[in-house]
Amino acid sequence: MKIAIVTGSGKGIGRAIALTFAKSKGYSGIVINGRKMDEVREVADEIRGEGCDSLAIEADISNENGCIRLVEEANKAFG
Numbered sequence: 210m211k212i213a214i215v216t217g218s219g220k221g222i223g224r225a226i227a228l229t230f231a232k233s234k235g236y237s238g239i240v241i242n243g244r245k246m247d248e249v250r251e252v253a254d255e256i257r258g259e260g261c262d263s264l265a266i267e268a269d270i271s272n273e274n275g276c277i278r279l280v281e282e283a284n285k286a287f288g
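Heads up, the sequence shown is in our numbering, so the first residue is 210 and it goes up one at a time.
Certain hints may be false.
[As the list claims (entries may be wrong)] Below, a list of computed lysine to any residue pairs in the SDA-like style, where the Cα atoms sit at most 25 angstroms apart: (1) LYS285 x MET246; (2) LYS220 x ALA283; (3) LYS211 x LYS234; (4) LYS220 x ASN274.
[Said to hold, decoys possible] The calculated label-pair distances, taken between Cβ atoms and stated as ranges, are: (5) ASN274 x SER233: 29 to 39 angstroms; (6) GLU273 x LYS232: 29 to 39 angstroms; (7) ASP269 x ILE222: 17 to 27 angstroms.
The set of hints was computed from the structure by calculation and includes no laboratory data.
C-beta: ideal position from N, C-alpha, C; glycine also.
The whole structure should be built from the sequences, with the hints applied where relevant.
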């Protein structure tokens, strides 16, 4: 199972990367992250529309706790 974690994926380059991964059909899941959950959820829905599983996580990865939470939630969801 190939999983991608894309940070800053609520908009801009991060969003474009996450959607490119989804369209490539090379990933079974994409974990997306951003500071604004409404933006991240929207991208997660677009990814699911491409037939790829997605997990949206709101976390500030500029601090250690946010990074730890992101990885822990990704592991829970995708093992």
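Going down the list of hints, with the structure as the test:
no. : hint                                : in the structure
1   : LYS285 x MET246                     : holds, 19 angstroms
2   : LYS220 x ALA283                     : holds, 20 angstroms
3   : LYS211 x LYS234                     : holds, 10 angstroms
4   : LYS220 x ASN274                     : holds, 22 angstroms
5   : ASN274 x SER233: 29 to 39 angstroms : holds, 31 angstroms
6   : GLU273 x LYS232: 29 to 39 angstroms : holds, 33 angstroms
7   : ASP269 x ILE222: 17 to 27 angstroms : holds, 18 angstroms
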